[in-house]
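Engineer: Here is how the chains run, residue by residue.
2 protein chains.
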Amino acid sequence: MKITRLENCEKTPVTADGALKAFRQVPIGKADGAPNFSMRVFTVEPGGHTPHHSHDSEHLNYIISGSGEVMEGDTPRKIRQGDFIFVPPSARHQYRNTGEETLVLICAVPSKYE
Amino acid sequence: MKITRLENCEKTPVTADGALKAFRQVPIGKADGAPNFSMRVFTVEPGGHTPHHSHDSEHLNYIISGSGEVMEGDTPRKIRQGDFIFVPPSARHQYRNTGEETLVLICAVPSKYE
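Protein chains in written order, with this note's numbering: chain C, 1 to 114; chain G, 1 to 114.
Possibly wrong hints are sitting among the right ones.
As the list claims (entries may be wrong) - Derived SDA-like pairs: lysine to any residue, alpha-carbon spacing no greater than 25 Å straight-line:
1. C:K2 / G:A31
2. C:K2 / G:K2
3. G:K112 / C:H55
4. G:K2 / C:E10
5. G:K112 / G:T4
6. C:K112 / G:A31
7. C:K78 / G:K30
8. G:K2 / C:E69
9. C:K112 / C:S57
10. G:K30 / C:P88
11. C:K30 / G:E45
12. C:K2 / G:D74
13. G:K30 / C:C107
14. G:K78 / C:E69
Said to hold, decoys possible - If you want the footprint, here are the derived chain G segments under chain C, 3+ residues with CB under 8 Å:
15. 28-37
16. 42-52
17. 69-81
By construction, these hints were calculated from the structure, which means they are not laboratory data.
Just so it is clear, the structure is predicted and the values come from calculations on it, not from any experiment.
Every residue gets a Cβ at the ideal spot worked out from N, C-alpha and C, and that includes glycine.
This is chain C alone, in the form it adopts within the complex:
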């Protein structure tokens, strides 16, 4: 059993095209022996965003803190602390921090997309 907290997890900038002021951590993943899926965490500073893209792996998201928008294709939808979001496989999406606080979200994905 592993118990950890974000402050103990390595934090690296998201370098994918279209990302801005976004950082990635993996509190539970393949390195821990998780056999099917992983919990990543993204931290997005005000004005920042994740890439606007699609892929065949789904996202199961939970907003730990902050607020902003998730793009559903080209349509922005409001998100805030406490929201759960399901991004289906192949759906184009992007998380944007349009608030003044840091946006922190869990992004669980199949292991192959970790």
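Model the placement of chain G on the given structure of chain C, informed by the hints.
Structural biologist: Okay, now just chain G, sitting in the frame of chain C:
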């Protein structure tokens, strides 16, 4: 894309043997078309607990609020808001609310264990 919050999700008592004052919700799961894994949420009232059991599906957990213990076999380990916990396949475990606040945790599992 689905966006939801706990207050919009049906909440049912956990009826498994050994559960006490524990409730289950499924903000993202098979009913939403999630193809590989699901996010369930357990709410455990003070003095309550989930079953002390093991199974071949892993848990990827995040503590949304509250505090308590997770049993690693027969060993209690402290948990609190903000902790991430990986319960490997076949590891015997139980969540116990030993605090005074309600304990709320995400419990992500493979679809077959939803």
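Engineer: With a cut-off of 25 Å on the C-alpha distance, tell me whether G:K30 and C:P88 pass.
Structural biologist: holds, 12 Å
Engineer: Under the criterion that the straight-line Cα-Cα distance not exceed 25 Å, is the pair G:K30, C:C107 satisfied?
Structural biologist: holds, 17 Å
Engineer: G:K2 and C:E69 were given as a pair; does the straight-line alpha-carbon distance stay at or below 25 Å?
Structural biologist: The hint holds at about 13 Å.
Engineer: Please verify the coverage claim for the segment 69-81 of chain G: does it have three or more residues whose C-beta sits within 8 Å of some C-beta in chain C?
Structural biologist: holds (count 4)
Engineer: Check the hint pairing G:K78 with C:E69 against an upper bound of 25 Å on the C-alpha distance.
Structural biologist: violated, 35 Å
Engineer: Is the Cα-Cα distance between C:K2 and G:D74 25 Å or less?
Structural biologist: holds, 15 Å
Engineer: Decide if the proposed pair is consistent with the structure: C:K78 and G:K30, CA atoms, cutoff 25 Å inclusive.
Structural biologist: Status holds; Cα separation ~24 Å.
Engineer: Hinted pair, alpha-carbon criterion (25 Å max): C:K2, G:A31. Please report holds or violated.
Structural biologist: violated, 30 Å
Engineer: Under 8 Å between beta-carbons, do enough residues of the segment 28-37 of chain G, three at least, approach chain C for the coverage claim to hold?
Structural biologist: It holds, with 7 qualifying residues against the three required.
Engineer: For a C-alpha distance cap of 25 Å, please report whether C:K2 and G:K2 respect it.
Structural biologist: violated, 30 Å
Engineer: Do the alpha carbons of G:K112 and C:H55 lie within 25 Å of each other, as the hint requires?
Structural biologist: It holds: about 23 Å lies between the C-alpha atoms, which stays within 25 Å.
Engineer: Need the status of pair C:K112, G:A31: alpha-carbon distance at most 25 Å?
Structural biologist: holds, 23 Å
Consistency with the previously given hints fails for numbers 1, 2, 4, 11, 14, 16, ordered from lowest to highest.
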